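Protein chains: 2
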Amino acid sequence: MKLTILGCYSATPRTDTNPTSQVLEINNHMFLIDCGEGTQVELRRNKIKFARIKHIFISHLHGDHFFGLVGLISTFRLLTRETELHIYCPKGLKEVITLQMKLADSWTNYQLIFHELTSTESELIFEDDKVQVFTIPLDHRVYTNGFLFKEKAGDRHLDMDAVLNANINVAYYRKLKQGYDVVNEDGVLIDNNKVTTDPNPPKSYAFCSDTAYNEAIIPIIKGVDVLYHESTFLDQHASLAPKTKHSTAKEAATIAKKAKVKTLVLGHFSTRYDNLNDFKSEAQTVFESVELADDGKTFNFD
Amino acid sequence: MKLTILGCYSATPRTDTNPTSQVLEINNHMFLIDCGEGTQVELRRNKIKFARIKHIFISHLHGDHFFGLVGLISTFRLLTRETELHIYCPKGLKEVITLQMKLADSWTNYQLIFHELTSTESELIFEDDKVQVFTIPLDHRVYTNGFLFKEKAGDRHLDMDAVLNANINVAYYRKLKQGYDVVNEDGVLIDNNKVTTDPNPPKSYAFCSDTAYNEAIIPIIKGVDVLYHESTFLDQHASLAPKTKHSTAKEAATIAKKAKVKTLVLGHFSTRYDNLNDFKSEAQTVFESVELADDGKTFNFD
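Protein chains in written order, with the UniProt record's numbering: chain X, 1 to 302; chain Y, 1 to 302.
No lab work stands behind these hints, which were simulated from the structure alone.
The structure presented is a predicted model; accordingly, all values stated were derived computationally and were not measured.
Glycine included, every Cβ here is placed at the ideal spot set by N, Cα and C.
Where hints are given, some of them may not hold.
A short, non-exhaustive set of chain Y residues, derived as facing chain X with CB atoms under 8 Å [what the hints assert, rightly or not]:
id : residue
1  : Ala11
2  : Leu61
3  : His62
4  : Gly68
5  : Ser74
6  : Thr75
7  : Gly92
8  : Ala104
9  : Thr108
10 : Ala153
11 : Arg156
12 : Leu158
13 : Leu292
Residues of chain X clear of chain Y, computed beta-carbon distances all greater than 12 Å [said to hold, decoys possible]:
id : residue
14 : Gly68
15 : Leu79
16 : Lys91
17 : Val170
18 : Lys175
19 : Glu291
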């Protein structure tokens, strides 16, 4: 599981900082999460192949989280993409995009599929044989969802020495990986646990931005490997957090602690601060395992 | 008159090139022309003060000419702008922008005034005591206008030695600047030409992008000081120009020659070419005074 931060600053793009966008690589999927202005250029800068992006998740319709989407869709068209593209987003975005395609008389030659969200309960919005994605309803000024990405349990690993010793026909290997006991060439039932080892533990990642401090998300994100939680403010501006429905670094850390996550990544920093290390030190007064996002930074969680 | 190129490449933004946007400084106005994705960052990079931009001209509704506008409008709001902002654009853009403001529940605290254009004849769309702006109907795949910026003739300059010698009361200086003959302290009528010199010749700038080769614009842009004309293609791809309704460097030069402009600036280069000098050399087989636009380049035409 690998996370590439394309942008992790709030509000307006600047020459040296980008609004929210990140790429989560999990079980061979490449999920794009949020798409502020300039995201397509940051994808290029980070050498992420456009063709690998098939699913885009948009948290909410404030500009710093989606103004780059229409340009990315348009660039995919100009590059003659054929693969379908799925957009998971609040209701309304489809109208914004299609209106602009209509005015430009420029329709995509690939299938563009919007999954517009309106529920205020957590729901499963994507599933295949390897990964599930759930929404995490957040508390912000407009309708907002975070997203929880969960690997499914993988296959058990064959202990090949033990398998060969047990004289099991190759036709049963798939059953073994799936956890079944099988009968060997001599007609003896072999206990699965004797010839296989546990699968890699499934990874999970929760993206929570933008949101006020909100304990309602704790049961949804309980025990995730990595929580990306917004921390727009430091303690000195804590009074602004509830007013603007954002969080402080300490609030993000409190959520991480209560949800017993393994690692907290902080992001969505207000551009008023020069020293990001203050976010880390304030959060660490509450929760130890804290990382700071930064534009262009890659985290490897394997 | 000063022109700053923020972006001069066609189609998609890349790490080292930007889509169309430029700033024309003329007679103390700062006009923003087109606004591709990333324009607000390029304005910052080129240290152009946001507050000085009061009029934005959008040629047409292909993304590489306007996808940066909604973000710029939003950033102005976040920076608590109060000055009104005028947008001159094809019909439809107001709906695109207001729909996004509605979904974000984020309305500007400054007045945002759209002047939506539908005419296919050249028309006067802005005028004050110093400058006029006219549309230049272009021939592209969607409704498109270029823009002609014309300084009005300025005041005559006082020849102060002559004025003092002629014994003219200071109360008449303004009349002198306006070209009137005036009566001096001795009751004698003074010939204006004896005590003033000609005003600076008024400058003019024509922006023509995107367009197929189109001789219909020649009467409108006749004799301008500077013509910015798109040249998406080199001769080797000349067959693509009419199909896509773009121009080659030679076609841009032919328009410049027939319209007897002083200087031609080429831009809107296809990103398929590595060497922009070929645009200049091909154009110069037709018309001598050719400049190449480039992102971040400033032209001083005084």
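Taking the hints in turn, this is what the structure says about them:
Residue-level restraint check for Y:Ala11 holds (minimum Cβ-Cβ distance to chain X is 5 Å; threshold 8 Å). With a least beta-carbon distance of about 4 Å to chain X, the hint placing Y:Leu61 at the interface is held under the 8 Å criterion. Annotation: Y:His62 was flagged as interfacial toward chain X, and the flag holds, the nearest CB pair being 5 Å apart, inside 8 Å. Here the hint on Y:Gly68 is kept, as its CB sits about 7 Å from the closest CB of chain X, short of 8 Å.
Annotation: interface hint on Y:Ser74 holds; nearest CB of chain X at approximately 4 Å, less than 8 Å. Annotation: Y:Thr75 was flagged as interfacial toward chain X, and the flag holds, the nearest CB pair being 4 Å apart, inside 8 Å. Interface restraint check for Y:Gly92: the shortest CB-CB distance to chain X comes to about 4 Å, inside 8 Å, so the restraint holds. Of the supplied interface hints, the one on Y:Ala104 holds, with its beta-carbon coming within about 5 Å of a beta-carbon of chain X, less than 8 Å.
The beta carbon of Y:Thr108 comes no nearer than 12 Å to any beta carbon in chain X, farther than 8 Å, and the hint placing it at the interface is violated. A least Cβ separation of about 39 Å between Y:Ala153 and chain X goes past the 8 Å threshold, and the interface hint is therefore violated. At a threshold of 8 Å, the smallest CB-CB gap from Y:Arg156 to chain X is about 44 Å, leaving the interface hint violated. Interface restraint check for Y:Leu158: the shortest CB-CB distance to chain X comes to about 45 Å, outside 8 Å, so the restraint is violated.
Violation of the interface hint for Y:Leu292 is found here, the shortest Cβ-Cβ separation to chain X being roughly 23 Å, above the 8 Å cut-off. At roughly 7 Å, the least C-beta separation between X:Gly68 and chain Y is not larger than 12 Å, which violates its mark as non-interface. Not every C-beta of chain Y lies more than 12 Å from that of X:Leu79, the closest at about 8 Å, which undercuts listing it as non-interface. Interface exclusion of X:Lys91 from chain Y breaks down, the closest Cβ pair being 9 Å apart, not more than 12 Å.
The claim that X:Val170 lies off the interface holds: its Cβ sits roughly 50 Å from the closest Cβ of chain Y, which is beyond the 12 Å cut-off. Every C-beta of chain Y lies more than 12 Å from that of X:Lys175, the closest at about 49 Å, which supports listing it as non-interface. A cut-off of 12 Å between C-beta atoms confirms that X:Glu291 is not in contact with chain Y; the least separation is 26 Å.
Violation of the numbered hints given earlier is confined to hints 9, 10, 11, 12, 13, 14, 15 and 16; the remaining hints are satisfied by the structure.
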